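Number of protein chains: 2
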Amino acid sequence: MIGRLNHVAIAVPDLRAASRLYSETLGAEVSAVTDLPEHGVSVVFVTLPNTKIELMAPLGDGSPILGFLERNPSGGMHHVCYEVDDIIAASDQLVAKGARVLGEPRTGAHGLPVLFLHPKDFHGTLIELEEVARPLSSSFHQ
Amino acid sequence: MIGRLNHVAIAVPDLRAASRLYSETLGAEVSAVTDLPEHGVSVVFVTLPNTKIELMAPLGDGSPILGFLERNPSGGMHHVCYEVDDIIAASDQLVAKGARVLGEPRTGAHGLPVLFLHPKDFHGTLIELEEVARPLSSSFHQ
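Just so you know, the sequences run in chain order A and B.
First residue of the first sequence: 150, per our numbering; consecutive thereafter.
First residue of the second sequence: 150, per our numbering; consecutive thereafter.
Hints were generated in silico from the structure; no laboratory data involved.
Since this is a predicted model, take the numbers as computed values, not measurements.
No residue lacks a Cβ here, since even glycine has one placed at the ideal position from N, Cα and C.
Be aware that one or more of the hints could be misleading.
What the hints assert, rightly or not - Taking lysine to aspartate or glutamate pairs in the DMTMM-like style, the calculated list, with each CA pair at most 20 Å apart, reads: (1) B/Lys269 / A/Asp163; (2) A/Lys246 / B/Glu178; (3) B/Lys246 / A/Glu173; (4) A/Lys269 / B/Glu173; (5) B/Lys246 / A/Asp163; (6) A/Lys269 / B/Asp163; (7) B/Lys246 / A/Glu178.
Unchecked claim - Covered stretches of chain B, as calculated for chain A (at least 3 residues, CB under 8 Å): (8) 174 to 186; (9) 189 to 200; (10) 212 to 225.
Kindly generate the complete structure, drawing on both the sequences and the hints.
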């Protein structure tokens, strides 16, 4: 079911410092900062030849990564995102296997349908699934 | 400097249960278990189209991931591994930028030279670098 590793997301307290670290110290290609107020994060993408790293910092008081950064003040690996062809079929299959899907599919940072799987069902790893075969249609909107 | 994402390593308390989870629930291709006594871990590789996930469990009383699993009993993302062309040049460049390299390059799980970077210098992320262009000596040739 899972396909490519779309990205590894790393939460950081200071996005500009992290951007400099990845570009200057690690010598990687780093995008400009993008604010995603609907997701409560600001992000930059580190482009690698085969995948990307998403560095993200909290945006706004209700940011979903504030709790993570309280527990990990200097930052840390937050989640991995795997691509799937059909997010509804993936969700149905996972629920049938006993995994907990967190909420309903919604539009992710790339404008595609995503959902998250409970880290307690996956050995402490928060997993995002992103549908890449077809863009989000209005029927997915929550 | 950093190239491809070679793998994401996830520490798990039970490798056979984790193998079943990734093969049966997530539908991925999972290798047989390999014991690496010189690294204190047993591993399986989850093959994705563009990279791989390394699931690892402690092997022996001195396993380097025992402390991580004490802090994270159900497991969690442990490190990311980036490929570099020349591990000595990479190490020199990183030290010159003020990053702390943990020890000397050594032979990693894939028989290639690796080194680890201090997570405190990289926003809480333990980074492994693996040299893929040329082995340290002819004895490392695959």
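Now for the hints, and whether the structure bears them out:
{"no.": "1", "hint": "B/Lys269 / A/Asp163", "in the structure": "14 Å, holds"}
{"no.": "2", "hint": "A/Lys246 / B/Glu178", "in the structure": "17 Å, holds"}
{"no.": "3", "hint": "B/Lys246 / A/Glu173", "in the structure": "8 Å, holds"}
{"no.": "4", "hint": "A/Lys269 / B/Glu173", "in the structure": "17 Å, holds"}
{"no.": "5", "hint": "B/Lys246 / A/Asp163", "in the structure": "19 Å, holds"}
{"no.": "6", "hint": "A/Lys269 / B/Asp163", "in the structure": "14 Å, holds"}
{"no.": "7", "hint": "B/Lys246 / A/Glu178", "in the structure": "17 Å, holds"}
{"no.": "8", "hint": "174 to 186", "in the structure": "holds (count 4)"}
{"no.": "9", "hint": "189 to 200", "in the structure": "holds (count 4)"}
{"no.": "10", "hint": "212 to 225", "in the structure": "holds (count 4)"}
Comparing the model with each numbered hint stated earlier shows that all of them hold.
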